[in-house]
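Asks: Going line by line, the protein sequences match chains A and B. Just so we're aligned, residue 31 is where the first sequence starts under our numbering, counting upward by one. Just so we're aligned, residue 5 is where the second sequence starts under our numbering, counting upward by one.
None of these hints come from the bench; they were simulated from the model. Keep in mind that a hint or two might mislead.
Incomplete in silico selection of chain A near chain B, CB under 10 Å [to be verified]:
1. Asn99
2. Arg124
3. Phe129
4. Ile138
5. Glu145
6. Ala166
7. His183
Output of the computed footprint for chain B on chain A, the stretches with three or more beta carbons under 8 Å from beta carbons of chain B [what the hints assert, rightly or not]:
8. 91 to 97
9. 175 to 182
10. 234 to 243
Sample of chain A residues lacking proximity to chain B, with all beta carbon distances greater than 12 Å (derived) [what the hints assert, rightly or not]:
11. Glu55
12. Arg121
13. Asp146
14. Asn153
15. Ala218
16. Leu230
17. Arg257
18. Ala260
19. Gly262
20. Ala263
21. Gly265
22. Arg274
Remember, it's a predicted structure, so these values are computed and weren't measured experimentally. A virtual CB, placed ideally from N, CA and C, is assigned to each residue, including glycine.
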Amino acid sequence: MSRRWRRSAAPSVEEAAARPRTALELVGVGHAYGERTVLRDVSLVLPEHRVGVIGSNGSGKSTLARLLNGLVLPTSGRVLVDGLDTATDLRAVRRRVGFVFQDPDAQIVHPTVAEDVAFGLLNQRVPAPERDQRVAEVLARYGLAGHADHPAHLLSGGQKQLLAIAGVLVMRPARVVFDEPTTLLDLANRRRVAQVIEELEQDVVVVTHDLDLLAGFDRVLVVEDGRVVADGAPGETVDWYVARMS
Amino acid sequence: MSALALYSPVPSALHRTPAGLELAALAGLSVLPVRVAGAALGVVVVLALIGARLTPRQLLAQLRPVWWWLVGLLAFHLIVTDLATGALAVLRLATLVLAAAVVTATTKVAELVAVVEWLCAPLRLVGVRPARIGLAIAMTLRFIPLVAERAERIREAQAARGATRPLFLLLVPLLVQVLQLAHTTAEALDARGADDEAPPRALWRRS
Numbered sequence: 031m032s033r034r035w036r037r038s039a040a041p042s043v044e045e046a047a048a049r050p051r052t053a054l055e056l057v058g059v060g061h062a063y064g065e066r067t068v069l070r071d072v073s074l075v076l077p078e079h080r081v082g083v084i085g086s087n088g089s090g091k092s093t094l095a096r097l098l099n100g101l102v103l104p105t106s107g108r109v110l111v112d113g114l115d116t117a118t119d120l121r122a123v124r125r126r127v128g129f130v131f132q133d134p135d136a137q138i139v140h141p142t143v144a145e146d147v148a149f150g151l152l153n154q155r156v157p158a159p160e161r162d163q164r165v166a167e168v169l170a171r172y173g174l175a176g177h178a179d180h181p182a183h184l185l186s187g188g189q190k191q192l193l194a195i196a197g198v199l200v201m202r203p204a205r206v207v208f209d210e211p212t213t214l215l216d217l218a219n220r221r222r223v224a225q226v227i228e229e230l231e232q233d234v235v236v237v238t239h240d241l242d243l244l245a246g247f248d249r250v251l252v253v254e255d256g257r258v259v260a261d262g263a264p265g266e267t268v269d270w271y272v273a274r275m276s
Numbered sequence: 005m006s007a008l009a010l011y012s013p014v015p016s017a018l019h020r021t022p023a024g025l026e027l028a029a030l031a032g033l034s035v036l037p038v039r040v041a042g043a044a045l046g047v048v049v050v051l052a053l054i055g056a057r058l059t060p061r062q063l064l065a066q067l068r069p070v071w072w073w074l075v076g077l078l079a080f081h082l083i084v085t086d087l088a089t090g091a092l093a094v095l096r097l098a099t100l101v102l103a104a105a106v107v108t109a110t111t112k113v114a115e116l117v118a119v120v121e122w123l124c125a126p127l128r129l130v131g132v133r134p135a136r137i138g139l140a141i142a143m144t145l146r147f148i149p150l151v152a153e154r155a156e157r158i159r160e161a162q163a164a165r166g167a168t169r170p171l172f173l174l175l176v177p178l179l180v181q182v183l184q185l186a187h188t189t190a191e192a193l194d195a196r197g198a199d200d201e202a203p204p205r206a207l208w209r210r211s
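Please take these sequences and the hints and turn them into a complete structure.
Replies: Here is the structure:
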């Protein structure tokens, strides 16, 4: 993956990251891992508040999610986040788009809860007093305040996923992409994470196999064999997908 | 129990002691003179029980992993030197282990990492990012229990399917899982802005 640091770019990363939300755009996007093509000529404009992405395993939906904050760069076409190109404005895009992974264990990089939440703010050079305040706020919001100094590996699966979400939201991204956030969770924690997503003011894209999670979403995409094969309101799109899988 | 689980958030004078001072004292203990070795162990135990609020059980749990080292050390000295020298060596090692427990119980990992980063600051001149070294240490502490947990899961899965040499068979699947974990964690570091800073330029490359 290429990494670009724009030492003399204008506008600055901070200015670019603060621009207003318009839409996620994929323009003729294709992606291949070596010889294996996983996305083919995908073109989309996603101005909606909440977008769901469903599809079978290996269909390309996780790659689609990773394209949205530049974890994966397109091998053809362009991905634009509110006008910022992931290929050329990578740092600004990553400040705008938070990413929550399926396995929180892979996302938690510091040994204790509060230190892990503070990690992203340290990277953004947020001053210590503001950092401490924002960490305390987000831990309280997700019921983790009592665990602030506890080792992260002692948390339950649901608490770890909430910690992973807190670690992203504390950075105040304009958008959040979730890659199968409920797959490893029990029913109670799935509901808790669904509630967290529902309450977010940020625009969200959720890749999931959990069809119940998509109730109330604005738009749902079905990805099959690297292409978007259905695109519409959740009710009709999910019904179409379920019928196709039956 | 993980050493990290020892940390006690209840504030005390030891919590307010700078992490650098605690680490320096820990280093000083390793070169303790013979005359004060016994007294030092007593002081460390008192600090552990009263200052760090560790229980006697927690203290003994810290000594358990090094128990055979202590016995071996004493046996070695009985053969090569004498009982007094062996007892002193055992006393020093036990003191160090307990003192390290006191430091762990009263110091946040972030504070310890900050000391390491401060010590590594001169490496900036040769293009090294001290923050990266600190992150590597923090991630090592974070992932040791996680890798142990994954190893235990594989061992159970193998045992459930009748594996008779689980330790030998553990290595390849564990390596595969750790590499997958490393890949996703690298993505997570990117997504959380770990690469947000341009690397420092080595002194001889500055224009």
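Asks: Now, for every hint given, state plainly whether the structure supports it.
Replies: The hints, checked one at a time:
1. Asn99: Constraint on Asn99 of chain A satisfied, holds at 6 Å.
2. Arg124: With Cβ-Cβ at 6 Å, under 10 Å, it holds.
3. Phe129: Where the cut-off is 10 Å and the nearest Cβ of chain B is about 4 Å from Phe129 of chain A, the hint holds.
4. Ile138: holds (7 Å)
5. Glu145: holds (5 Å)
6. Ala166: Check failed: Cβ of Ala166 of chain A comes no nearer than 13 Å to chain B, outside 10 Å.
7. His183: holds (4 Å)
8. 91 to 97: violated (count 1)
9. 175 to 182: holds (count 5)
10. 234 to 243: violated (count 0)
11. Glu55: holds (20 Å)
12. Arg121: About 6 Å separates Arg121 of chain A from the closest Cβ of chain B, which leaves it inside 12 Å; violated.
13. Asp146: Violated, because the least Cβ-Cβ distance between Asp146 of chain A and chain B comes to about 8 Å, which does not exceed 12 Å.
14. Asn153: Check fails; 4 Å does not lie beyond 12 Å.
15. Ala218: Non-interface label on Ala218 of chain A holds, nearest chain B Cβ at 22 Å vs cutoff 12 Å.
16. Leu230: Answer for Leu230 of chain A: holds, closest chain B Cβ roughly 17 Å.
17. Arg257: Given a closest Cβ separation of 24 Å, the condition holds.
18. Ala260: About 28 Å separates Ala260 of chain A from the closest Cβ of chain B, which puts it past 12 Å; holds.
19. Gly262: Non-interface label stands for Gly262 of chain A: nearest chain B Cβ at 29 Å, farther than 12 Å.
20. Ala263: Given a closest Cβ separation of 30 Å, the condition holds.
21. Gly265: holds (32 Å)
22. Arg274: Arg274 of chain A is indeed farther than 12 Å from all Cβ atoms of chain B, at 30 Å.
Consistency note: the structure conflicts with the earlier hints numbered 6, 8, 10, 12, 13 and 14.
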